[in-house]
Amino acid sequence: MATSLSNASSVHPATGLIDALTAAGAKTFADKEYQSAGASIRTPFKGHRLRPPLSRHQRSVNRPHARIRACGERAVATGKTWKVLPRLPCCLHRATTMVQAILVLQLIEEGRHSG
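For the sequence shown, the UniProt record's numbering puts the final residue at 115, and the numbers step up evenly by one.
I should point out that these hints are in silico values taken from the structure, not numbers from a laboratory. Just so you know, these numbers come straight off a predicted model, no measurement behind them. A virtual CB, placed ideally from N, CA and C, is assigned to each residue, including glycine.
Pairs of lysine-lysine, DSSO-like flavour, derived with a Cα cap of 27 Å:
#1 Lys27 <-> Lys46
#2 Lys32 <-> Lys80
#3 Lys32 <-> Lys46
Label pairs and their in silico Cβ distance ranges:
#4 Lys83 <-> Val61: 32 to 38 Å
#5 Val104 <-> Ala20: 23 to 29 Å
#6 Val76 <-> Gly16: 15 to 21 Å
#7 Arg56 <-> Thr97: 35 to 41 Å
#8 Gly111 <-> Asp31: 24 to 30 Å
#9 Met98 <-> His48: 35 to 41 Å
#10 Val84 <-> Arg59: 30 to 36 Å
#11 Glu109 <-> Lys27: 27 to 33 Å
#12 His57 <-> Trp82: 36 to 42 Å
#13 Lys83 <-> His48: 34 to 40 Å
#14 Asp31 <-> Pro52: 21 to 27 Å
#15 Ala24 <-> Gly111: 35 to 41 Å
#16 Ala20 <-> Ala77: 21 to 27 Å
#17 Leu107 <-> Ser60: 22 to 28 Å
Using the sequences and the hints given, assemble the complete structure.
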């Protein structure tokens, strides 16, 4: 992360987080923006307009990746809708627990929770 205000705008906000996840070897799912972020950051295959379409294997890898990311993104979007996330303290453990709880509540509402 940026250490001074003079270069704060030139550093992506997730830089420190990506470095920490890579150093810890944590497997993380990210979108195509983070293609070269590191070995532990899993990104989908990226299609290009001027290149051949993605292979069947590449599409089969992208599908579960999208499903996993969609669950997390839905939980975060619900937290924003409920206006819960801006009130979080700076403790990531609590944020993770809250996002998990939101996801469970959403699955119960949709009738897909098995618990």
